[in-house]
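Visitor: Given chain A, put chain B in place with the hints provided.
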Amino acid sequence: MSAIAVEQLSHVYAGAEGGVPALEDITIDVDAGKFVVIVGPSGCGKTSLLMMLAGLRHQTQGTILCAGKPIPEPDPERVGVVFQEASLFPWLTALDNIEFPLALRGTPRDDRRRRAEEMLSLVGLDGFGGRYPHELSGGMKQRVSIARGLVQDPPVLLMDEPFAALDEQTRMTMGHELLRIWSTTRKTVVFITHSLTEAVYLADEVLVMSDRPGRIIDRIEISLPRPRTYEMMATDTFGKLRERIWQQIRKAA
Amino acid sequence: MSQAQIVAFRLALLAAVFAAWQLLPSHGIVDARLLPPLGDVLAMLGELLGRSQVHEAIAVTASEVIVAFVIAVPLGAAIGVLAAENDYFGQIFKPMLFYVFSVPKSIFLPMFILIFGIGFEQKVAYAAFSTIFIVIMSATAAVESVKTDHVLVARSYGATRTQILLRIYVPSMMPVLLETLRISMIFNFTGVMIAEMYASRTGIGHLIANWGENFQMPQLFAGVILLAAVAILFNEVIRHLEVRFSTWRT
Numbered sequence: 001m002s003a004i005a006v007e008q009l010s011h012v013y014a015g016a017e018g019g020v021p022a023l024e025d026i027t028i029d030v031d032a033g034k035f036v037v038i039v040g041p042s043g044c045g046k047t048s049l050l051m052m053l054a055g056l057r058h059q060t061q062g063t064i065l066c067a068g069k070p071i072p073e074p075d076p077e078r079v080g081v082v083f084q085e086a087s088l089f090p091w092l093t094a095l096d097n098i099e100f101p102l103a104l105r106g107t108p109r110d111d112r113r114r115r116a117e118e119m120l121s122l123v124g125l126d127g128f129g130g131r132y133p134h135e136l137s138g139g140m141k142q143r144v145s146i147a148r149g150l151v152q153d154p155p156v157l158l159m160d161e162p163f164a165a166l167d168e169q170t171r172m173t174m175g176h177e178l179l180r181i182w183s184t185t186r187k188t189v190v191f192i193t194h195s196l197t198e199a200v201y202l203a204d205e206v207l208v209m210s211d212r213p214g215r216i217i218d219r220i221e222i223s224l225p226r227p228r229t230y231e232m233m234a235t236d237t238f239g240k241l242r243e244r245i246w247q248q249i250r251k252a253a
Numbered sequence: 001m002s003q004a005q006i007v008a009f010r011l012a013l014l015a016a017v018f019a020a021w022q023l024l025p026s027h028g029i030v031d032a033r034l035l036p037p038l039g040d041v042l043a044m045l046g047e048l049l050g051r052s053q054v055h056e057a058i059a060v061t062a063s064e065v066i067v068a069f070v071i072a073v074p075l076g077a078a079i080g081v082l083a084a085e086n087d088y089f090g091q092i093f094k095p096m097l098f099y100v101f102s103v104p105k106s107i108f109l110p111m112f113i114l115i116f117g118i119g120f121e122q123k124v125a126y127a128a129f130s131t132i133f134i135v136i137m138s139a140t141a142a143v144e145s146v147k148t149d150h151v152l153v154a155r156s157y158g159a160t161r162t163q164i165l166l167r168i169y170v171p172s173m174m175p176v177l178l179e180t181l182r183i184s185m186i187f188n189f190t191g192v193m194i195a196e197m198y199a200s201r202t203g204i205g206h207l208i209a210n211w212g213e214n215f216q217m218p219q220l221f222a223g224v225i226l227l228a229a230v231a232i233l234f235n236e237v238i239r240h241l242e243v244r245f246s247t248w249r250t
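So the protein lines, in turn, are chains A and B. Note that the working numbering has the first sequence beginning at 1, numbered continuously upward. Note that the working numbering has the second sequence beginning at 1, numbered continuously upward.
These aren't lab readings, by the way, just hints derived from the structure by calculation. There may be inaccurate statements among the hints.
Said to hold, decoys possible - To list a few chain A residues with every Cβ distance to chain B over 12 Å, as calculated:
1) Glu85
2) Ser87
3) Leu92
4) Phe100
5) Arg105
6) Leu122
7) Ser137
8) Glu168
9) Ser195
10) Thr229
11) Met232
Stated by the list, open to error - What follows is a set of in silico ranges between Cβ atoms, one per label pair, in the way DEER data are often shown:
12) A:Thr235 x B:Lys147: 36 to 44 Å
13) A:Pro108 x B:Met111: 56 to 64 Å
14) B:Leu14 x A:Arg57: 56 to 64 Å
15) B:Phe98 x A:Arg109: 44 to 52 Å
16) A:Ala165 x B:Ser145: 49 to 57 Å
17) A:Gly68 x B:Ser145: 17 to 25 Å
As the list claims (entries may be wrong) - Examples of chain A residues toward chain B, derived with CB under 7 Å:
18) Pro90
19) Pro101
20) Leu104
21) Phe128
22) Tyr132
23) Leu136
24) Met140
Idealized CB from N, CA, C, for every residue including glycine.
Chain A with its partners taken away, still in its complex shape (with noise of 0.2 Å):
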């Protein structure tokens, strides 16, 4: 069964004339497991896209089906996600922030902790649970955000640019920690992002889609083998890779 299944989804935004279309015929099957990632022009509804897989918003048209259901409101034990930058809560500690979707199912607190001292290992920042989110650089906030997603275990992570304010080195570094953890815990991710390298290192599959009304224009299979490395960047494959999606990208905008 795929872990998410989407079938014919358009979505049309009310607006003074009848309603601006912003997603088209968007059908997306994704294997339980795997690494996904969406990349596109600005505004081409890939957000939107997005939070309709969280059930955060609701489609005009077509299906979603999560782990074989439809996610007519968000699902935290399904689907977790996680945010571009500064999405922690300034006034809770890093531990605080990871425990949150626990504390509003009324996790015990032991466990709510235990839980999320495991999620602060996982991602690298053993000892820092203490710190409140102004103290964190830039990665190490994503690296709490996705300890947040993680916490209650869904089968899905949904990624909207969670990297996209880092700069370049931190950004790739968090990537490859980012590939560490999904090894450990094999999710399905859905990943959002601009960067066509970050793409082609991450994915299974990349997704291209088109500007406003988004389409999916290609589906690009990345063959590279894992454990992915930085060398792999410096490889034809990697680049023509890249290229080629980059031409997709030109011709959709």
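Guide: Same frame as chain A, but now just chain B:
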């Protein structure tokens, strides 16, 4: 300069002001009838605090301040939240609220006397009136300081409306709310004092006005010290809480 040095300088400055207050009048450098020496003022303060007339005045003023505060803050906060959260209400009433906010409230005092007389109700009504606008403005700002991103994150983890209110809105707004509490108390206290000094039969403000008119400077200064101490104390307690709840605001 180190923190310890700064504190030392502050204390030295305070000591110098108090010393000058004691020594200048007692040596005849300034007129002791206009500025009685600090020692005399403190002695008078001690004596006044033993008088039942003063006890009564303190009780009246304190209850006016508390009742006006308890009316103005929740009511103003509710209106402010409504103005920020409800587009319709906000668009209709916000400009009007802003206009009235800019008008000095003391010009309305004669009307309050005509409507409520010069007793307890008038003090409370006027003080609440002069406080409520700042509370409305600040509450609106507090709601607007809540980040939509944070609400979205909470929703994505399945938070209910109540959980979003308690776990996102309240902590986001807490620093601004405490600041509001502190500043609205300044307005509130001022409102009660002005009303008491303008027309009243009792209360600390009334006593201070009387002492001034009768040229009883030691009593007047003792009253000023008493009020200043209470106002500063309240302000500092809330400010202390504010600092505790705003460490994350950088």
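Visitor: How about Phe128 (chain A): closest beta carbon in chain B under 7 Å, or not?
Guide: Violated, because the Cβ-Cβ distance from Phe128 (chain A) to chain B comes to roughly 16 Å (cut-off 7 Å).
Visitor: Would Met232 (chain A) pass as off the interface with chain B, using Cβ distances and a cut of 12 Å?
Guide: holds (33 Å)
Visitor: Over 12 Å from every CB of chain B: does Phe100 (chain A) meet that, or does the non-interface label fail?
Guide: Not fine: 7 Å to the nearest Cβ puts Phe100 (chain A) too close to chain B.
Visitor: Non-interface claim for Leu122 (chain A): all C-beta distances to chain B beyond 12 Å?
Guide: With a cut-off of 12 Å, Leu122 (chain A) remains clear of chain B, as the shortest Cβ separation is near 18 Å.
Visitor: The output says Ser87 (chain A) does not contact chain B. Does that hold with a beta carbon cutoff of 12 Å?
Guide: violated (5 Å)
Visitor: Hint Pro101 (chain A) vs chain B: min CB-CB distance below 7 Å?
Guide: holds (4 Å)
Visitor: Grab the minimum beta-carbon distance between Arg105 (chain A) and chain B and tell me whether it stays above 12 Å.
Guide: Non-interface label on Arg105 (chain A) violated, nearest chain B Cβ at 8 Å vs cutoff 12 Å.
Visitor: A cut-off of 12 Å on Cβ-Cβ distance, and Glu168 (chain A) was said to be off the interface with chain B. Does that hold?
Guide: holds (24 Å)
Visitor: Under 7 Å is the threshold here; is the Cβ of Leu136 (chain A) close enough to any Cβ of chain B for the hint to stand?
Guide: Hint on Leu136 (chain A): violated, closest Cβ of chain B at ~12 Å, above 7 Å.
Visitor: Measuring from beta carbon to beta carbon, are Pro108 (chain A) and Met111 (chain B) in 56 to 64 Å?
Guide: Given a distance of about 59 Å, which is inside 56 to 64 Å, the answer is holds.
Visitor: Is the hinted range of 17 to 25 Å satisfied by the C-beta distance from Gly68 (chain A) to Ser145 (chain B)?
Guide: violated (41 Å)
Visitor: If I claimed the Cβ atoms of Ala165 (chain A) and Ser145 (chain B) lie 49 to 57 Å apart, would that claim hold in this structure?
Guide: Violated: the Cβ-Cβ distance is about 21 Å, outside 49 to 57 Å.
Checked against the numbered hints listed earlier, the structure breaks hints 1, 2, 3, 4, 5, 16, 17, 21, 23, 24; every other hint is satisfied.
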